[in-house]
Every structure is written in C-alpha cells, then in structure tokens.
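K.L.:
Going down the list, the protein sequences come from chains A and B. FYI, this note's numbering numbers position 139 of the first sequence as 139, with every residue one higher than the one before it. FYI, this note's numbering numbers position 222 of the second sequence as 629, with every residue one higher than the one before it.
Check each hint, because a few of them may be wrong.
Unchecked claim - Per the computed footprint, the stretches of chain B lying under chain A, defined by three or more beta-carbons under 8 Å from a beta-carbon of chain A, are:
(1) 435-442
(2) 520-532
(3) 685-692
What the hints assert, rightly or not - Some chain A residues near chain B, calculated using beta-carbon distances under 10 Å:
(4) Pro122
(5) Thr277
(6) Val279
(7) Pro284
Read the hints as simulated data drawn from the structure, not as lab findings. We treat Cβ as the ideally placed atom computed from N, Cα and C, and that holds for glycine.
Number of protein chains: 2
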Amino acid sequence: MADPIRIGLLGRGTVGGAFAELVAERADAVEAATGRRPEISGVLTREEGDFGAILERSDLIVELIGGTDPARDYVLDALRAKRPVVTANKQLLAQHGEKLFDVAREAGVQLRFEAAVAGVIPIVRVIQESFGVTEIAKVFGIVNGTTNFILTEMAASGAPFEQVLTRAQELGYAEADPSADVNGADAAAKMAILARLAFHTPVTLDEVAFEGIEQVKPDDIAYAKELGLSLKLLGVAERREGGISVRVFPCFLYAGHPLAPVEGPFNAVMVEAPEITEVTMSGPGAGGVQTASAVLGDVVSILSGDAPVHETRQRLPIVTDIASSFYLHLAVADRPGVLAQVAQVLGDKDVSVKSVVQRGVGDDARLVMVIHECLESRFSAALEAIDSLDVLRSPPRAIRVIEEEFA
Amino acid sequence: MADPIRIGLLGRGTVGGAFAELVAERADAVEAATGRRPEISGVLTREEGDFGAILERSDLIVELIGGTDPARDYVLDALRAKRPVVTANKQLLAQHGEKLFDVAREAGVQLRFEAAVAGVIPIVRVIQESFGVTEIAKVFGIVNGTTNFILTEMAASGAPFEQVLTRAQELGYAEADPSADVNGADAAAKMAILARLAFHTPVTLDEVAFEGIEQVKPDDIAYAKELGLSLKLLGVAERREGGISVRVFPCFLYAGHPLAPVEGPFNAVMVEAPEITEVTMSGPGAGGVQTASAVLGDVVSILSGDAPVHETRQRLPIVTDIASSFYLHLAVADRPGVLAQVAQVLGDKDVSVKSVVQRGVGDDARLVMVIHECLESRFSAALEAIDSLDVLRSPPRAIRVIEEEFA
Chain A
1 MADPIRIGLL
11 GRGTVGGAFA
21 ELVAERADAV
31 EAATGRRPEI
41 SGVLTREEGD
51 FGAILERSDL
61 IVELIGGTDP
71 ARDYVLDALR
81 AKRPVVTANK
91 QLLAQHGEKL
101 FDVAREAGVQ
111 LRFEAAVAGV
121 IPIVRVIQES
131 FGVTEIAKVF
141 GIVNGTTNFI
151 LTEMAASGAP
161 FEQVLTRAQE
171 LGYAEADPSA
181 DVNGADAAAK
191 MAILARLAFH
201 TPVTLDEVAF
211 EGIEQVKPDD
221 IAYAKELGLS
231 LKLLGVAERR
241 EGGISVRVFP
251 CFLYAGHPLA
261 PVEGPFNAVM
271 VEAPEITEVT
281 MSGPGAGGVQ
291 TASAVLGDVV
301 SILSGDAPVH
311 ETRQRLPIVT
321 DIASSFYLHL
331 AVADRPGVLA
341 QVAQVLGDKD
351 VSVKSVVQRG
361 VGDDARLVMV
371 IHECLESRFS
381 AALEAIDSLD
391 VLRSPPRAIR
401 VIEEEFA
Chain B
408 MADPIRIGLL
418 GRGTVGGAFA
428 ELVAERADAV
438 EAATGRRPEI
448 SGVLTREEGD
458 FGAILERSDL
468 IVELIGGTDP
478 ARDYVLDALR
488 AKRPVVTANK
498 QLLAQHGEKL
508 FDVAREAGVQ
518 LRFEAAVAGV
528 IPIVRVIQES
538 FGVTEIAKVF
548 GIVNGTTNFI
558 LTEMAASGAP
568 FEQVLTRAQE
578 LGYAEADPSA
588 DVNGADAAAK
598 MAILARLAFH
608 TPVTLDEVAF
618 EGIEQVKPDD
628 IAYAKELGLS
638 LKLLGVAERR
648 EGGISVRVFP
658 CFLYAGHPLA
668 PVEGPFNAVM
678 VEAPEITEVT
688 MSGPGAGGVQ
698 TASAVLGDVV
708 SILSGDAPVH
718 ETRQRLPIVT
728 DIASSFYLHL
738 AVADRPGVLA
748 QVAQVLGDKD
758 VSVKSVVQRG
768 VGDDARLVMV
778 IHECLESRFS
788 AALEAIDSLD
798 VLRSPPRAIR
808 VIEEEFA
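Please build the complete structure, drawing on both the sequences and the hints.
P.N.:
Below is the structure:
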C-alpha cells in the first residue's frame, strides 16, 4: 500500500475546520482516485502548533490562515522545502504571486489556489488548464458574493445601502468589518489573480482600479430598472489597445446579459475569446464547506500528476483611460430648456446619448440617461461641465453600463 | 530545444480542419506553455493517409473522424502503441468507454475527450479534476445545441417543429440528417459519458432512456408560458434510491431556474453536490473552432503532465421508475363536470395537481395542469385512465417539469 499523504494544515477557522472534516469524510474517495490516503499531519493555529515541526512531517501544506503575514513566509518556506502548497489566500496571490510562482517553479513543486477566486467555481483551473493557450480577450464577472447579495436586496426592497448591509451581516453574508468587500478591494485582489492567469502577464494589486458600492442609491437602481438595467459589482480584466485594463466597478447590465440573472450571494465569471466565443460559470461565491471542497480538489490534483506552475510569458502595459458606457443621473430644476442645456454640454464634449428618462419630482426633475461608449476622460470632462450648470440640484451621479444588448 | 510534439490527426472535416489551423496559429503559445512545439505529423482522411505510418511518426493522436468504426480500432491501436489520444467522439466514448479506459490505463497513457461533451464548456475536466472526489448528486443540463435552438425558435415564433427544423438546417444549426439530435440520441451519448465520470460507475448508452422533441406542439409551449414555464431538452444523471437514473427528455422549467435563460444553440450543464451546492457552466455547444479549441486544450494538458485515466470505482444500478413532476395537456369536451371527472381519476391514482389552467376553444376546452412529483409508473397509470374517458378529444400530452422554484 502506498504511503498516506500527510497534509500540514495552517489555520483552523471556518474553512480550515471544514477542510479537516472533508478530508476525513472523503479519505476513501481520495485514496480511490490517487492511490494515497490523506491525513492531517499537523494543524497550526495562532494558539498552538510549530510551523517547522509541521512542515517536517508533512508532504503537502494547505494554507488557510489568510492575510499576507505570516502566510507569505510559511508558503515560501514550504515551497523551498519542496512541499507542494494549496492556498485559498487571494491577498497572498494578488500581492506576492510573482515571487511565489518563481519559488514554486524553482523548487519544482505545485502551487494551487482554486479557492482564492470565486469560491467553488473552478475558474482558476479552467483558465490555466482548459484555456491555457487560448487567446483570452476578456475575463469578467461577479466575484464578490457579499456585494451581490446587497445589490440584489437593494433592488428587491428599495432599502438603502446601510440598512441592507446590516441585514447581510445578520445573515452571515457580510463580515463584521465589511469594508474590503463593499469598497471593491476584495474583488480587486481576485481580478489581479485572474488577469495574471488569463494574459500571462504580471499584474499587481495596485494596478487594479476599484470602486465599491457604498455610494449606490436606491433611486439609481429604481430609475435604471425603467431602462431595463440591473446593477452588479463587476470585475473586468480585458485586452485594450495593446495592453490590458483590470478594474472593479458597479455596473448596470441589460436584462439579456448572461450575468444579469445572477442574484444573491452567488458569483459568476465569463471568459471571452475568439475561438471559444464565451463561457460562463456560476455558483456560490463562498461558504466554509464550498471553499474547503475547492481546496481538496487542488490537493487531489497535486496527487494526480505534475502540472506546470504559472509563468509570465509577456509584460503587457496597464491601460487606464478606456472607453465605457455610462448611466447618468441628474437632479435638475424642473423648467423648460434644462434638457436642452444638458444635451448641449454633452454634445460639446462629443458625448452621445443613447436613451433618456425625464420625470418631475416636486419642483425638481430627474434626468436619467444612458451614454454611448466614450473615453472615460472625455466623459469625466463632460461631467465636470454639467456639474457647473446652475440648474443642477446635486452633483451628477454616474455608473458604468455594459451597453451590449444580448439577443 | 525540446523535440516538437508530433500530432497525428485522424479526420479533416470541419473540426479537423479548424484544429490544424489552430495548431499552427497557437504553436508559440503551446511551446511557451509546455516547452514543446506542436506540429501535425500526418493527416488521415477517407481518401488519403495510412494509419500505421501516421501512428509511427506521431507522439500523440487526435481522433476527429467520428462514429465508432474504424475510430475505435484506431484509438485502441494508438493507446496500445503508448500514444496518448485526444478525441471529440461522443459515440466512441459512450459505447466503448470502459474498454478504451482500460487499455489507456494499462498502456499508461492519457485519453482525453473534453470536446465530446458540451462543446467548449470544460465540463469533462471540471467533473474529473475539480470534482473528482466530490460526492456528486446530479449532473444535468442542455447538452444539445440543435434542439435548444429549435425550442427557442418555437417559443419565439409559435411555429411548428418541422418548420423551425428546416430553418435550423438553413442556418447550419441542424444537420441534413437531424434525427440523432432531435430524437435525443446525441444527448443520451453525452449523458452516458457524464454519468460515468460523475458517479465513477459504468454506464452504457443502452442504459440511457431518451425522448426527443419531435412530438412537442406549439400550443404546449404557449400554454406552458401561462404557467411561467419554458421548454428545454434536458439530460439528467442523478443518484436515486441507491442507484442512478440517466435520461434525456423534454422538460419545462420555471422562469427562475438557472437553465431557463439558456437560449439558442447554447449548452449549459449544472453539477450539484452537498459540498459545492451547485455550479453552472454555459457556452456555445458546437462550432468547428470552438470544438478544435477544446481539443487543443486537451493536447496541452497531456503535454503538461501526467493525469490518471478514468477508472470505475463502483457499480451502481440503473433505477428506471423514478418520481417526476409533469405538465399535462388535455383536449376535452367543454361541458360541466369535466374538470371534476379528470380530477377524480387523478385523485383515485393518488396523483396530485399543483396548478391548472382551463380555457374554452370552440366547442372544446383545454385543461393544462402541472402535476406534483410522483412515481412515473403511477402517473402513466393515471394517464391511461384519463385517456379512456369519453370526454377526451385527443390523447393526453404529458411533458416533465422541474417543479423546484428558485428564489
């Protein structure tokens, strides 16, 4: 009988605990699939365990501590000691990926991290393995379940952001400190990882521009509904003008868009390439057992055979000023000529209107428009000019739109 | 520099031609990813080429002939000669999978077949690799793009099956001989493969019960719309009562179901398991370059490292009489007491009604019902009893429904 595979487990939080249980529960299946029976050879927590001793008696390290310090040192030490590593740590990969991949490659051991992005959706494997030589044009989607839950609830109830956030916390869909989720930073780390894999180019976290959903107002969602739009927090990594753009931003989608029906704490990621058209994958974005399941899948893959470690193939520049479509919400004085005045400013800046809804609200009016794709710098200039009009009742509110209407 | 990887290509139809082009186009990327440059070392067509000679000068065989004869012998010969094989041949896998896997395992070479199921959606890899030790409960979805295109068009236009089929043929979404697509046999072969992989049990094509869409009437689709239902040809492989059920059948879905928005020639597959909840993958179901892309992905995987060949881990019985929900369409005489009579028969057979729509049509009426889940044998008995009522104007029409309403 083959030796068991001794797994050193770093961290025993929600995911770590679920992973230890899943290993015991699936030991027979892992043995049937790989010929080796998994066992947890040591657990490191803040309170107990010695990393060096655990490393010594482990064949493989599973890192589920989170954060970059001390996780980074543990993972680097494990790789240098020629132990393959599985991690669910998106910050570690997003901030120190290049170094980790280099060390893993030099050591000739695998570094797998399916659970770091989009929970149980096997997007890392699919991009790296199925589409490893595909000329990917764009990877984008909903990679944060907390914000998708909040936006879904805001759309359904009409309640404001703060109130829905509290409800999400009560239900366990948002953490006690939700800032990294709601401000887009969490999604940005995931998009840095996906962009690197999709385009084989180094992408660091500070190159990802991100906006969150804290500023979204219930009436933006309500007005946009009339235009057939629903709001998502999107992560987008795409080729643009010889470089790539990697961003996270709230975005309206038309009803026919494949991501429009993704609701609640779900994630969904689309991959576009000329030779595949598009592939969409969706599933729960988080959860202890779901994440543990993705970690175990990586362990099984490591036991099943060699696989190359990610390697930089090119260095693509980050393009920051790109063309986008926008939803524009203006609170204006309700008097003749206001629409003409706004339209004049937009026209002067060469910004073109796709659709408009105007409605009286007491003495004021709301102008809600969708703007055709134009360079974001040009749109910003138009926004500034509109903001200086004396008919404006409050600063203009703009949210990006994916204009493409699907059949 | 490493030796090139010499690919022997069997077949040069739509997919074969696209594959040869893609190999040339992506040679640099394959070399960057694997260290070896791919080249086509020989092409076998009906008109030219000698299989033995091609095998001799190839490191790897790509089989894109289709059908089982002579594809089966070629693939077996290649495996025995220790050449890894990539095939897109669903019939070959569905009918001779067990034998092929055994020979590949004995020879110690890989046999990959991503393109055999669901086009460019990497469902084979995800089930085998990401979910290889997951206790999968159910794999189901839309695995035939031709029928999904036809059903989408029927729903949109109200036109009858034959007319829409002709249009699908004109557009290239249906073949000159569409029978295997429209009668469900094509989907059945794919579900036999997916069931085997998901449950690690032998499943032969003749164990898959299948029905097609030839009998679907425009008014079934129209009436079902009033009940909030849309029609898909589903393939379902699921655990049931200690065994598995593998079937293909037209099925109504409620609007909130993740597969309901999948329209046109697209495929979509869902995987359900307690530890993953559910993962849905969708994309184009066919197309030359899309299929070629999946084949090339398999070639790259073979070059990237060892991977285990599928192996039977258990032998699960096929359960044939399972519980289902049904849509039931009855053309009846429009006179008092008819609904009561029908309801009486259903009640006597212990079949319970979930919803009903009744409408007068000239001297007749239509009764359209959704029946709660019950054993199919019990439902058939009820159907027979209803058919013998003298108020029936034509034989009852029944179509399965997935009753679950998603939030």
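K.L.:
For every hint, state whether the structure bears it out.
P.N.:
Here is what the structure says about each hint:
no.: 1; hint: 435-442; result: holds (count 5)
no.: 2; hint: 520-532; result: holds (count 5)
no.: 3; hint: 685-692; result: holds (count 7)
no.: 4; hint: Pro122; result: holds (4 Å)
no.: 5; hint: Thr277; result: holds (5 Å)
no.: 6; hint: Val279; result: holds (4 Å)
no.: 7; hint: Pro284; result: holds (5 Å)
The structure shown violates none of the earlier numbered hints.
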